[in-house]
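J.: Since the structure of chain R is already known, use the hints to place chain S on it.
Here is how the chains run, residue by residue.
Protein chains: 2
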Amino acid sequence: MGRWEPNARGRLEQAALALYGERGYEHVTVAEIAERAGLTERTFFRHYADKREVLFGGSNTLQEFLVGAVAEAPEATAPIDVVVAALESVGEFFEERHDHARKRQAIIDANPELQERELIKLETLATALASALRERGVSESAASLTVQAGMAVFRVAFERWAKDAGKRDLAELIRESFEELRALTAGT
Amino acid sequence: MGRWEPNARGRLEQAALALYGERGYEHVTVAEIAERAGLTERTFFRHYADKREVLFGGSNTLQEFLVGAVAEAPEATAPIDVVVAALESVGEFFEERHDHARKRQAIIDANPELQERELIKLETLATALASALRERGVSESAASLTVQAGMAVFRVAFERWAKDAGKRDLAELIRESFEELRALTAGT
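These protein sequence lines map, in sequence, to chains R and S.
For the first sequence, my numbering assigns the number 1 to the initial residue and increments by one for each residue that follows.
For the second sequence, my numbering assigns the number 189 to the initial residue and increments by one for each residue that follows.
For reference, chain R alone in the conformation it holds in the complex:
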């Protein structure tokens, strides 16, 4: 065991984001990330399985948070409101990290391998949320449709927010995208 390094995860993440942004994800090695962070490769691998995972370290936290919010929503709430409220409540989670989220998204958008990884993470998140809804007594098809609709809303809102200079709250953009989806599905 190496010695404890204060905030090693955060330092590695910052270093990786900076290097990926400067040189492109493909051209950065784990050794370079560790060096930029003032840490060793060994420390890197204690925190992340590979250089891809540095970009997805937050997804478990996000999933736990959302699943918890769905599970704890008041009993009488309609499934779609449970999901949208859970998504709105992650606003704070991201709000402090706007600059980080924007940089991260630009790196992912530039690399097909990372886009695949993100898709899989989103699908895992959707599966976990659908399961949390089913535990509230929602049918399988309703849980699936509700969560997919919620994820669509989240993706559109998140993309807008990441491109935006932080002028608008993520929660506000989620609400707005949801209203847009509702109008679109109603609009026959």
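Simulated from the structure, these hints should not be mistaken for laboratory data.
Check before you lean on any hint, since a few could be wrong.
Unchecked claim - Calculated pairs, DSBU-like style, for lysine-lysine (alpha carbon to alpha carbon, straight line, at most 30 Å):
1) Lys121(R) to Lys309(S)
2) Lys167(R) to Lys103(R)
3) Lys121(R) to Lys163(R)
4) Lys355(S) to Lys309(S)
5) Lys309(S) to Lys103(R)
6) Lys51(R) to Lys121(R)
7) Lys239(S) to Lys51(R)
8) Lys351(S) to Lys121(R)
9) Lys51(R) to Lys309(S)
T.: Quick look at chain S alone, frame taken from chain R:
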């Protein structure tokens, strides 16, 4: 160039499905697929890049069909109706292939690598459909939300249909899932 083999693609696809179903996707080689189909490995690789692609050979056809249906929809039609009608119209495409679709889905559901591949194909399809909607003058966010909603409807309907013994039309299940989504998003 080897000699022309009648319906080599279809024979390879049938052989692969049968073998994947019998032994599991992981335990089947390209040589075995070719042998079962009465063809050579060389013929296999003229038609498919690898043993995974045999399962996704239809996705380009499906995408072209759907993009065409979106592009040709009457001008005044609301975006969500354009997408749902396009999806309903693929019913026939699948209806003749119920047994094939069911077997294929069971193989994909049993293998994470294939599930990833399917996610990527679905995302590619969604991107193409959103682009076809934007060409009809639909805004970027509306196109994205509409297509994601449509894909959610399609996935739920397709899953139901594949598990079903072919008792109900895919088009009918798509319409039903769409009505369910509409009720869910309206239901606050």
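J.: Look at each hint and say if it fits the structure.
T.: Comparing the hints with the structure gives:
{"no.": "1", "hint": "Lys121(R) to Lys309(S)", "result": "holds, 16 Å"}
{"no.": "2", "hint": "Lys167(R) to Lys103(R)", "result": "holds, 16 Å"}
{"no.": "3", "hint": "Lys121(R) to Lys163(R)", "result": "holds, 21 Å"}
{"no.": "4", "hint": "Lys355(S) to Lys309(S)", "result": "holds, 27 Å"}
{"no.": "5", "hint": "Lys309(S) to Lys103(R)", "result": "holds, 26 Å"}
{"no.": "6", "hint": "Lys51(R) to Lys121(R)", "result": "holds, 16 Å"}
{"no.": "7", "hint": "Lys239(S) to Lys51(R)", "result": "holds, 29 Å"}
{"no.": "8", "hint": "Lys351(S) to Lys121(R)", "result": "holds, 26 Å"}
{"no.": "9", "hint": "Lys51(R) to Lys309(S)", "result": "holds, 25 Å"}
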